[in-house]
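Protein chains in written order, with this note's numbering: chain F, 73 to 556; chain U, 25 to 325; chain E, 11 to 337.
FYI, nobody ran anything at the bench for these hints, they're computed from the structure.
Fair warning: there could be bad hints in the mix.
Stated by the list, open to error - Calculated pairs, DSS-like style, for lysine-lysine (alpha carbon to alpha carbon, straight line, at most 27 angstroms):
id, chain 1, residue 1, chain 2, residue 2
1, E, Lys23, U, Lys150
2, F, Lys156, U, Lys150
3, F, Lys534, E, Lys174
These numbers come from a predicted model, not from an experiment.
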Amino acid sequence: MRKNWKKITKKVMAVSLCMAMMAGCLTGCGDGKSGGSSSESGGNSSETQKDTSDTEKDTSSSGEKKGTINLWAFTDEVPGMVDKFLETHPDFEYDVETTIIATTDGAYQPALDQALASGGADAPDMYCAEAAFVLKYTQGDASSYAAPYADLGIDVDTAIKDAQIAQYSVDIGTNPNGDVVALGYQATGGCFIYRRSIAKDVFGTDDPAEISKLIGGGSGSWDKFFETAETLKGKGYGIISGDGDLWHAVENSSDKGWIVDGELYIDPKREEFMDLSKKLKDNGYTNDTQDWQDAWFADMKGEGEKEIFGFFGPAWLINYTIAPNCGGEAVGQGTYGDWAVCDPPIGFFWGGTWLLANNNSEKKEAVGEIIEWITLNYGEDGLQYMWANGTLNGEGGTKDAVASGAVMTISDGSLDFLGGQNMFDYFVPANDYANGKNLTQYDETINQYWRDAVRTYTSGEKSKEEAIEAFKQNIKDNIDIVVK
Amino acid sequence: MQKKKNKAVDTKMTAIAVSAQLKKGKRPRVSKFLIYILCIILALLSIMPFLIMVVNATRSTTEIQQHALSLIPSKYLIDNFKILTGKSFNPMVGFMNSMIISVCSTLCTVYFSTLTAYAIVVYEWKLRKPFFTFIMAVMMIPSQLVSIGFYQFVYKIHLTNNFLPLILPAIAAPTCVFFMRQFMIPSLHLDIINSARIDGSGEFYTFNRIVLPIMKPAIATQAIFSFVASWNNLFLPMILLTRQDKYTMPIMVSLLKGDIYKTEYGSVYLGLTLTVLPIFIVYFLLSKYIIAGVALGGVKE
Amino acid sequence: MKKRRNKKISYAKYGYIFSIPFVVTFALFTLYPIIYTIIIGFTDLKGLGAVSFNFLDDPFQNYKTILESQSFKTALGNTFRLWLWNFLPQILLALFLAAIFTSKRHKIKGQGFFKVVFYMPNIITAATVALLFGSLFGYPMGPINDLLVSLGILDKPYFFMQDKSVARGVVSFIQFWMWYGNTMIILISGILGINPDIYEAADIDGASGWQKFLYVTLPNLRTILVYTLVTSLIGGLQMFDIPQLLVAKSGPDNATLTTSCFIYNQAFSGSYMYNRASAASMIMFVIIAILSVIVFYLLRDRSEVAERKQMKKAKKEMKQKAKKVGV
């Protein structure tokens, strides 16, 4: 397909311009009531504006710039950080032009892939990838575009050690040659986040250390967890909201990923999830909700069918999901202040954003400067310190766990929402339990099929064997891997 | 209601013969009442989602997450508006961009489709039949894969971040041509064209001055469909327009949704509500052609 | 009846001239993608950013894989089921409403309002519709569940979207609900396009409303009905966004997996199997084309065909006569 299009391009342009003018003329005399005038201006303005646009915002920083760095992201989180970088680094010699494409409706990846593949001046110099698809860009099909951090002028090995970046994050960001090509600014290692009032009611204590023991924190086994679930059930509580809460932990605890040597592999621990899920459902240990649905959010406020003890999740789940849904904004309102964090039975991580640089970029050093400031700078003037203490956009912002353990030790992670508990006490170790080695680039799709299969089993529609069979069939039909 | 009664009538008789035999005197009272009931139920079903949308535009994200459907407005309209305008993009720009794209592509679609249909219906040319068959065939191609090839093509000719690839393809709208043809066959009489020719009207002039007015109901119908489709189009603009100053309204709304940790549902609904408004206006403007039946001014002489 | 006379001056060239914009645009923006699609269906092109490809030794390998795939069979069955269950009620209701709204006898009050309102579901994006219906049927909390439990119809919330037939029913209903207004408008504009003289003649002859509908409206509406049927068939067999968005990943046990979802999954759900996706779309193309031809054949204008046959016959006879005379 990739023929010599450049030659044709000119002709095409000429013809299409003619057509545009023709369209303008004809529609003008044909039926020009509603929009004849705007159609003419539209056709032309889109041509002329092309190069003059996007300058308002970026020229604000002083002086002549050497060029422009293209940044691609799927939310305005990273662009906001880069703005802060430019603000605190007035001498930085480049403008940054941002492209944001939402991941909804699956548009970000095709657009990014295309932009990476076609290269040229519009190609991204720096781009972001989310946990759901980062593997594709670090180790999978698109890994060849990712530049090793070392090539960006970053002394990456030393910096990782000094900043105490969690190993799982480094593992995910390491390409098949062993070079680090992506790192995040967040730490998304997960803990168990539970309601203090329920803990007191059932166990007589809300001490995180005690609750950790009760649910088998760090034990690597779910036995204690289910014993406690039974206790909670006796008092009319559910232990978690739905089986989705358990899945992230189970998924991440398996020894191997979904694909081993190009073949579908169902890890025994993941297969066991079927039984765990069935056990939860049959015994009524949960409200049988699905994550990100109405009922799941209601459980954060304590308004589900029965009250729910806790959720598995990283720090961002507290800040961005549980807190806004707790039904209050100060201690005493809703479940605000009634929460605490303790160790999960099995280590895991959930979500996160990784930053990559384009191998073909001509501004690698400059990109490296930004990336280092965001992902590896552990000083008080680095991004992560501001992120951890919620000071990026002024005092009192949202605090989040960050990639650098060094930053978290000098930061204050105490939240009124957690009854004053310093969440970093549990999230720093949680990052070490998380495993970055059992992922594949197809996880998002495979997980969806797997969860669907598990649901047909727990609802009693299919036997375990039938459900697994249907799962294998789906993978075989939809993903290009060997299924036996 | 009336249907069963008439089933008995021998369907092979011609309308005139039958009507001559049967006298009037049906009673539309009961059936009319039932029709009203049906219409009201359907209307409620249609209005409900809009009501929910508007109400949700006044509710906070948290309220929506916990009870997505409610008919009781809340007090967060201004907050939602602030979130909508507080992002890095400007809804007014998106609105204008959407307007430009939708209006232009709608005009392209209806004008050129009518023209193409005219060519197929009125003129006798050798390739007429094959051309029509070809248009039909084009219509049947599943759209998913065409869009892949399409955007690769647009990337290659470097027309990303340009409205032309979203407007110009509207000229070739097979479905619309098909509709125009189907509409034109019963409603356009060659006599009119012939008399225009006798009066010395050029072919192009005849089309613009005589045929287009006759086609008004069809044009209005297809204009609505085309405008709605273009206005709501998300996938292609999202891939082709990557600069913020080119974003369309739906892209902006989807950006609000795409935030990984927190979807700002309140402002999403507000954005959706604002997005629907222009469609309403266009629809009301055009619907008079459909509703009033000004259709056949040209035919009736 | 009305056309195809007066061939003295040839206007044929205008046929070509007026078709140029369509053809040029089509060639530019559609032909390339389609050719590209057809070609890669016979190749090994897959994977992200893949550029080079080889033609397969067995050119129909992708086609075989698709036709053997269980998911594709399921998808094909679902697609027809979902289409049928939304099209039948849709066309009947739309026809009924169109007849009533255009009937001079029924003079429904506020019909302008109704016409406007019935089309409204079509103007919200599918994503929004899916979102609203998704929460309507939410489990374990959702308005429908709340209602049914509080009315005592259910004793505990029911997981509607995990139930295959409910999931399919909801998808069909949404499609029906979104499109009947659209179909109605098309039919109304078709009815308005019928020459009023015919109705006047029928009125003079004292035809009842139902008779006019049966003997004037329906026959004259045939071309528009064919349009509706064919576009709905084409649209319905490409049904994508509602099934894709309503229930995560094509519903419980692939209950609402349509062929378009299947094609999308082939191409985008991880492995970028463009070749298989394009083979699948070609298969769909063939199926849709065959069905459309059948529709055209069944609903063709028989009188026109007959007329044409007679013309041919007459011409032949003329010739034969001429020959005879010549002899």
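Tested hints:
With a C-alpha separation of about 10 angstroms, the suggested pair Lys23(E) and Lys150(U) falls inside the 27 angstroms cut-off, and the hint holds. Proximity of Lys156(F) to Lys150(U) is assessed by CA-CA distance (about 67 angstroms); at most 27 angstroms being required, the pair is judged violated. Straight-line distance between C-alpha atoms of Lys534(F) and Lys174(E) comes to about 13 angstroms, which keeps the hinted pair within the 27 angstroms bound.
In this structure, only the earlier hint numbered 2 is contradicted, and the remaining ones agree with it.
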